[in-house]
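4 protein chains.
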Amino acid sequence: MVGGGSDAFIGAIHRRAAFMDNLIELVCGCFSVDPEISKSSGRSYFLPENRIYNTYQEMFEREMALPEEERMDFVTIVTPNRFHFEPAMMALERGFHVVVDKPMTFSLDEAKQLQKKVEETGLILALTHVYSAFPAVKEAKARIARGELGRLRRLYVEYPQGWLAERIELLGGNNAGWRTDPKLSGKAGCMGDIGTHAWHLSEYMTGLKVEELCAELNTFVPGRPIDDDGAAFLRFEGGVKGTLIASQIAIGEANNINIRIYGEKGGLEWHQENPNLLIMKWIDRPSEILQVGNNTFLGEEAKWNTRTPAGHPEGFIEAFANIYRNFALTVMAKLKGETPCADCLDFPTAYDGVRGMQFIETMVAAGYDDHKKWHKWID
Amino acid sequence: MVGGGSDAFIGAIHRRAAFMDNLIELVCGCFSVDPEISKSSGRSYFLPENRIYNTYQEMFEREMALPEEERMDFVTIVTPNRFHFEPAMMALERGFHVVVDKPMTFSLDEAKQLQKKVEETGLILALTHVYSAFPAVKEAKARIARGELGRLRRLYVEYPQGWLAERIELLGGNNAGWRTDPKLSGKAGCMGDIGTHAWHLSEYMTGLKVEELCAELNTFVPGRPIDDDGAAFLRFEGGVKGTLIASQIAIGEANNINIRIYGEKGGLEWHQENPNLLIMKWIDRPSEILQVGNNTFLGEEAKWNTRTPAGHPEGFIEAFANIYRNFALTVMAKLKGETPCADCLDFPTAYDGVRGMQFIETMVAAGYDDHKKWHKWID
Amino acid sequence: MVGGGSDAFIGAIHRRAAFMDNLIELVCGCFSVDPEISKSSGRSYFLPENRIYNTYQEMFEREMALPEEERMDFVTIVTPNRFHFEPAMMALERGFHVVVDKPMTFSLDEAKQLQKKVEETGLILALTHVYSAFPAVKEAKARIARGELGRLRRLYVEYPQGWLAERIELLGGNNAGWRTDPKLSGKAGCMGDIGTHAWHLSEYMTGLKVEELCAELNTFVPGRPIDDDGAAFLRFEGGVKGTLIASQIAIGEANNINIRIYGEKGGLEWHQENPNLLIMKWIDRPSEILQVGNNTFLGEEAKWNTRTPAGHPEGFIEAFANIYRNFALTVMAKLKGETPCADCLDFPTAYDGVRGMQFIETMVAAGYDDHKKWHKWID
Amino acid sequence: MVGGGSDAFIGAIHRRAAFMDNLIELVCGCFSVDPEISKSSGRSYFLPENRIYNTYQEMFEREMALPEEERMDFVTIVTPNRFHFEPAMMALERGFHVVVDKPMTFSLDEAKQLQKKVEETGLILALTHVYSAFPAVKEAKARIARGELGRLRRLYVEYPQGWLAERIELLGGNNAGWRTDPKLSGKAGCMGDIGTHAWHLSEYMTGLKVEELCAELNTFVPGRPIDDDGAAFLRFEGGVKGTLIASQIAIGEANNINIRIYGEKGGLEWHQENPNLLIMKWIDRPSEILQVGNNTFLGEEAKWNTRTPAGHPEGFIEAFANIYRNFALTVMAKLKGETPCADCLDFPTAYDGVRGMQFIETMVAAGYDDHKKWHKWID
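Chains as they are written, first to last, in my numbering: chain V, 744 to 1122; chain B, 744 to 1122; chain Y, 744 to 1122; chain X, 744 to 1122.
Errors might be hidden in some of the hints.
Note that identical chains are pooled: a pair holds if it fits in a single copy or bridges any two copies.
The list that follows gives simulated cross-link-like pairs (lysine-lysine, DSSO-like), each with its CA atoms no further than 27 Å apart [as the list claims (entries may be wrong)]:
1. K1046 / K782
2. K1077 / K860
3. K1046 / K1119
4. K782 / K1077
Just so you know, the hints here were simulated from the structure itself, not pulled from any lab data.
Using the sequences and the hints given, assemble the complete structure.
Rendered as structure tokens:
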């Protein structure tokens, strides 16, 4: 693991998700740019001293020197966006599979380099767009693919948050610092941090790509050098229209990502904060409440990604764990020379990472264009 | 009453709303262009034969001939949009106050003429933008005006419906016919019918006017000659940003108009389908659920427009009745030469009617402009 | 109308409900024991001086003296429980139909006398158990009667309120005074005021009668001379088991009456505070959300009692109005010598009034019996 | 681990919960009475062959023979109720700490023996009453203990399920078999399986003990030899009244355990199926929605048991993991000779196990007593 010291939020989520299914063990790491924090973090994770490293460069070098059966199998990168590319590239160059948090890189160019390297090496790179890993989302995607809603027409996707309604990045001691600093976060703030999740969810569920968009980016908190809010009209393949909103100044909202999709025969609705329900809407009969669980009226795609019976709620860590489990099963199949199962392959990859960076590029180009024309997706 | 025969939906709502508070009596009407329907409707409303008219022209002429104390006091116009202007103008010219359904007229020009006539005559014209008459909306407006949310920043308003997801206007026997016919409905379909409600709600609650917008209008159902869906970015006075969506093809949605408003210190949320709840969101404490009722933690504005204690739900007809009651009290005060109370004057007027037509004009100009620039509000 | 002065809550509800459908006109009344309040109330209801009476005895005498076509057709009694019987009996003796608030009388004996008089005279008596008049409740009853849930097994009905969590009856100026005074309210407080509603709803929806019950009544607020909380196990005909809870000390609850019913093939759930939804639960498919409206997937029983399309919420006053309308149509049919339609006859009668008083008797007998045996229904 | 083969539900939950925080490793187990299933399960959990045992007796014997630093530290017992006692007692006799699923034993006598052994040995026994481990429940308990609701008065606790609405235990291949067989499950079916959870939640949150109860147990599904439904009136210490319902025939309900508690100054409400919300109700201000998260308006007790920020839902496995983590930290403290922290000690113990068996005894005594008297808690 690179990053994820005991002072970080998302690293702990990654570790819990990775451990949950007993397929993955933490064997080494470089948990902070501060060697002291890295050491103390590693110890608190029960690692032996010699597997806690001061730099990721050191980690790769020393792990490579270990016998193959002792060496780590893959690396998870949970640093700020600015520091995704180098360790990911180094890992791929040395033959390690990679899990990396989204957005995949700091710039689109870096993303393309990573994707190229993945293609060249045949290694696996998983990107933790976690919201597409909830079982109800899998169910929705499968139903749309089966044509249950008919041809799609309209989509609304939202990710409102309120935690940046004040300039808390000045206080220090929180995760707002690097997220609102363009030198660490990249061109976009709100749109890079959470807008990308909303965009990814919409493409994942519909199986359609955004072709054009018209957007506005806003900065509501005075002095903040990056967007903290925005909205876009989306044009998907096949004439499907979408509206995307993302905000970090919507006071009272925590992580209220949600999506509604409407086709010619029906619609559906999902809210991440109550993630085990999927509402199905029908043109010719009453709406239905699907309750997620491995014992209910769900397809195999959802059940594969479910651990409990209906009514015993699964949450954010379980969704993360779905990515890790599918990634791990894919890696294990590769190691055995087997073909991974179709459900195992269902996790975001370098391809999604590149599209995510393209989304940010396109949103920034469109969002600050006061002419508000339709902007073609930037490849 | 002009229109509102026994085959129409909204006429019955108007009558029930008008009767509820025992301030208004139905004394005469011309209920249909078909004299037979007008007669039979009038009889079913317990009117004497001589007060059931074949045309509104006849109605005005014959009512004018009655002694003042027998004559009707005001006229309600609940015809398709195309037929609002003439009877409204005729009423004003003859000295009758007017209640008219929204949008006020077929064209902006007609709207301005009506407004001018209202100003000249000093008569009262009420426009039934019903959603702004719910008590929870009044409460929200009052709290925003008092600054409880701080300076406003962001607004999301939606009006999704699904009843026009198929081309049911071809079936006849429903209200879809004139609504989807530009010759009866006006330049806009979805935006005129329900988009105007969403827009009005946003200006009413914030007390701010839209200055510019960027929009797209869509027609999803093949063959339909008018928009059945759309979205807009709104720029309000003072830098407040809004997003408006309206759709008639969102299957499973009935009349799910809802609004969320965020300021520097808090936010709020209201859904018309569960109209007696108002969610308040705070930057420094947990969210609150305000339950509307004349015995609860509400201000005087809301209580004035409330008839039951909390937990005994009020609905759509009661909201309509709030407009009628406030209108009637204002008319009665005028008749007595008194100044109407401030709360009595809280109903939409010709001014809102003109702005509503301007909204339609601006949305149509922007919504079909593929350059998607910011369009200034069309005065 | 007897009672319902401008200082009373429920009288205004009755008037609005009666007016809404334009079938009923307020022609006279005695609105208070205080002649001044009666006068001023009557004037504010636009009654002529000579139809505002000081006593109900005077009202009956003077109305009888009027020509039949001017005379009132029926009387509504909205006084405290203690004062239901005498005016109701006097009305029936003089040939007036009656609407009376629940519980029908102060004692079971009075109730039986009224029922006998109704049977003798053939007059109509309607009892305003309003919760059974919501359209979603009608739909549920019809579905249960059609066997959609299979044979019934289990029922949970609740009516929690919180307004009497403190001894506010000592403050005066509210409706708590007579409700907590056994000399005005009758043997039961909470169980008479709201427990009867819960019981009635359960018998109405299932079509089954309670045969035995085991109960406890509690008084939580010190010094209060009557129950403010209670619970019961119910045994219905056919082995159906029920649980009933009612409370007036459940802080934060307003009028949260709700019911869940389960049979061999399905279940259903309804909450009065969001009354336009009915949740249907199925053993072999996902749960459904039925949204009430005159344009949706409902049977004729519900549509008859519905005034708006789905998504335009109807509420408490509309439910009250359903009783008044059905009562009025029944009375009008009688006056014309016609048979009232089946849906018109769907309102609570003296029969329900007697059973309601029996419920109170049985609950009080059981609720204060510390041996907690099953108590047979007291006939 | 004893039990928890790959064909069992709850074993997998235990393992995931135990792994999540990286404090616990699975080192050995006897996963089934069928040695083949035990072997294959153990292999699928990546155990070496020599740590997969055929019987628990063999497991204890062989583990004792290992050096202390290799030997397992504690044993988790996830067999049917009938088979909890023997392995638990054997574990304690050999010095192993124990985690055991609820109800702790088959009979009250066994429970008392276990408790005695725990007291004698000073070993730790954790009982997985999982619902009391949700962070919102911890928050509620802390607020009640601090007196935020004032003196308590009323409590409603429910656990409705629908999965046993038909006699699916005859089908085989599911978890219904042993649960509905008194020889494996114990005296009570529904009340032992889920009623105990509801009872435990009520005592945990209030900090009060049930002193008396009046109950009914029902068997709705013909041929089933054990209760599948029931209800009780509860009398807690200090005059608090409760109502408990539990059912396995409430079609459409999954694991809808929920609780409402009311005191003199406020109330609260929690539903396990949306477990990250806690509704607070106040006598003097609007209700509040507390959203659980380690960054929100919660006390330390809840935050200690929380892993994600608000809006990233935690669920059933995380609640289970709270028991395992607190148990593990307590065991680790003991091993180091330290005093466990107060929050670490917050998990159900043998004491709760004994009370749970007493609850079952009392419910069975009361529930089949047709005289329905108050039954004193059976010690």
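Hint check results:
1. K1046 / K782: Only across copies: K1046 and K782 sit 25 Å apart there, 40 Å inside one copy, limit 27 Å.
2. K1077 / K860: Within one copy, since 17 Å is at most 27 Å while 50 Å is not.
3. K1046 / K1119: neither (37 Å within a copy, 46 Å between copies)
4. K782 / K1077: between (33 Å within a copy, 25 Å between copies)
Taken one by one, the earlier hints fail for this structure only at number 3.
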